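Engineer: One-letter residues, chain by chain:
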Amino acid sequence: MGALSLKASSFSSPLVAGRERSLIPVGMSTILPDAARRIRQLEQTLLAVLARGGYEEIILPMFEYLDVLAPGLESELIEKCYQLVDRTTGRLMLLRPDATAQIARTVAMGMMGEGLPLRLCYRTSVFRYEREHAGRDREIFQVGAELIGVDGVAGDAEVLTLLLECLAQVGLSSFKVAVGHVGFFTALLAKSGLSLEGQKRVEQAAARKDMPLLEELLAREGIPRSTGRVILEVLELCGGPEVLARGRKLVGRDRTLLKPLDRLAQVHERLVSPGQQAVLIDLGEFRGFEYYDGIVFDVFAPGIGAELGGGGRYDHLMGRFGRTAASTGFGLDVDRLFRALDASGVVTPAHSNPSTSAGSKQVAAERRQRRSPV
Amino acid sequence: MTVGATKSRNKKSQGLTIALSKGKLLGPVLHLLKQAGYHSPGLSTESRKLVFACSSNDATFLIVRPTDVPTYVEHGAADVGVVGKDVLLEQGSDVYEPLDLKVGACRISVAALQGLPSPDRWSSKIRVATKYPNVTERYFNQRGVPVEIVKLYGSIELAPIVGLADRIVDLVETGSTLKAHDLAEVEVITHSTARLIVNRASLKLKHEPLKVLIERLRTAVAVEDGNRAASRA
Chain A
941 MGALSLKASS FSSPLVAGRE RSLIPVGMST ILPDAARRIR QLEQTLLAVL ARGGYEEIIL
1001 PMFEYLDVLA PGLESELIEK CYQLVDRTTG RLMLLRPDAT AQIARTVAMG MMGEGLPLRL
1061 CYRTSVFRYE REHAGRDREI FQVGAELIGV DGVAGDAEVL TLLLECLAQV GLSSFKVAVG
1121 HVGFFTALLA KSGLSLEGQK RVEQAAARKD MPLLEELLAR EGIPRSTGRV ILEVLELCGG
1181 PEVLARGRKL VGRDRTLLKP LDRLAQVHER LVSPGQQAVL IDLGEFRGFE YYDGIVFDVF
1241 APGIGAELGG GGRYDHLMGR FGRTAASTGF GLDVDRLFRA LDASGVVTPA HSNPSTSAGS
1301 KQVAAERRQR RSPV
Chain B
437 MTVGATKSRN KKSQGLTIAL SKGKLLGPVL HLLKQAGYHS PGLSTESRKL VFACSSNDAT
497 FLIVRPTDVP TYVEHGAADV GVVGKDVLLE QGSDVYEPLD LKVGACRISV AALQGLPSPD
557 RWSSKIRVAT KYPNVTERYF NQRGVPVEIV KLYGSIELAP IVGLADRIVD LVETGSTLKA
617 HDLAEVEVIT HSTARLIVNR ASLKLKHEPL KVLIERLRTA VAVEDGNRAA SRA
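Residue numbers (this note's numbering), protein chains in the order written: chain A, 941 to 1314; chain B, 437 to 669.
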């Protein structure tokens, strides 16, 4: 589990008699000083970028009542939660599996007052019972930001720009941010003539890009070939702005389908400046948390087989807690980001930030030391 | 994965790393890859090496155990892999599976000793030997049948004969192995063929070479499938 570079595992021989029981629960790790220093520095760099963007840090409770937080969590995530019982009330509590739902809950409860917009960021751990041997940790270190109360292209572009700035400032070079829109594929399915049950199944198969199964599902419900072909092609549409042009061609004059494409085009335009080739438009991706309802994005980098983080627009989430407000946000998995930096040869964050310059001389010395042959 | 491994792999990060299943699938899959324009001189079903460079494209082949292919791909140690649907169903890996290669056709079936009465209602717990514990559990759970699973790694046919289990869940290709052991195929759980699987990050980071590979393989599969149909007719 986890990166050897980052975390220490228990090295005591697992085969010593009487020691068969593991000392540390699977998926949890102790981070020793050297890695801890580097990881905190990475987090500080990220938080400094967010602070410069006007995002204020918020510290969230580690566990919360299940019934209070549940409206903001998808059922699959609730199944991955660590649950415990409150000693005073007997109510079920859960170790926080996701910070976004907590922030939505906090803001909806009026704890931040009524004024909008709000710019909040966090550095925290989330806990998820991930499948064993999937190479995943069960305590996940995250840094993230949420922009609440800014609708439209402006909000989408602000959050994506902030994400790109974060990745640039930590020194990650060859990353890709794949940007899509959940509204596009769901509208496509709604128009297809599939039954509700069929849409659900197609969505699941599409999330795995399981083309053989998709063809079977579409054929089973007698969906016209032409409609089916559009669905299948859209799932493979990923690339530059030409993807949007192709998407437009496929959907014709349908307003509900053109709207998400227009939105993506506008957001993309605002992002594309020299050197912004890191942004991919991806019409075939819509997986992730159910609560996203607009643009969505994932970050990928060489050497890491899974996304380093992602986010999107989740206008409906706040409503589930009783207050409506347009919201967009993202979260980064610090461990994976750290490993991606390692894989790309960046030893420590390229830009240290002024607020942590205490002891920077020492850090600089260590950096030099570490650049010597390993 | 160690940092060292990540770094050394990263050097050839532009090319594709393709994990292939050792064993029965290898022959037909190599043939398909060759049709698609991906071949490696020394790579055959006979070779013992584990890593081969592709001579025609910027790609590397890894030869691994079938059950390990999804692991290599899920972790991104390989960008693409070829593995039976049976293995994917058993492991539930988080990968894309965009293409059915239509080779290595077989089925996962329930089998029992010839003449074992099939109860109308599964009232008491039955004992099933298998190397597919997850598929087996899901299958019987969905039907509300209480089941005790005996996990074996091979020679599953032996289990009912020696009384280790009432039934087995195993891969069936022609059914001759079952017959030879006096077993009858009772139900088919699912059909399986070889699938191309793709790492989720690779699909974004190496979009172009992957698109080319998938397209060329898709064409090769269609041609081969057509040939098979023609030879049957």
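Keep in mind the hints are simulated off the structure, nothing from the lab.
The structure displayed is predicted, hence computed values, not measured ones.
Any given hint might turn out to be false.
Interface residues of chain A toward chain B, partial, derived using beta-carbon atoms under 10 Å [what the hints assert, rightly or not]:
{"hint": "1", "residue": "Phe1115"}
{"hint": "2", "residue": "Met1151"}
{"hint": "3", "residue": "Glu1182"}
{"hint": "4", "residue": "Ala1185"}
{"hint": "5", "residue": "Arg1186"}
{"hint": "6", "residue": "Leu1190"}
{"hint": "7", "residue": "Phe1240"}
By construction, the Cβ of each residue, glycine as well, lies at the ideal position given by its N, Cα and C atoms.
Engineer: Can you name, in rising order, the numbers of the hints this structure does not satisfy?
Structural biologist: 3, 4, 5 and 6
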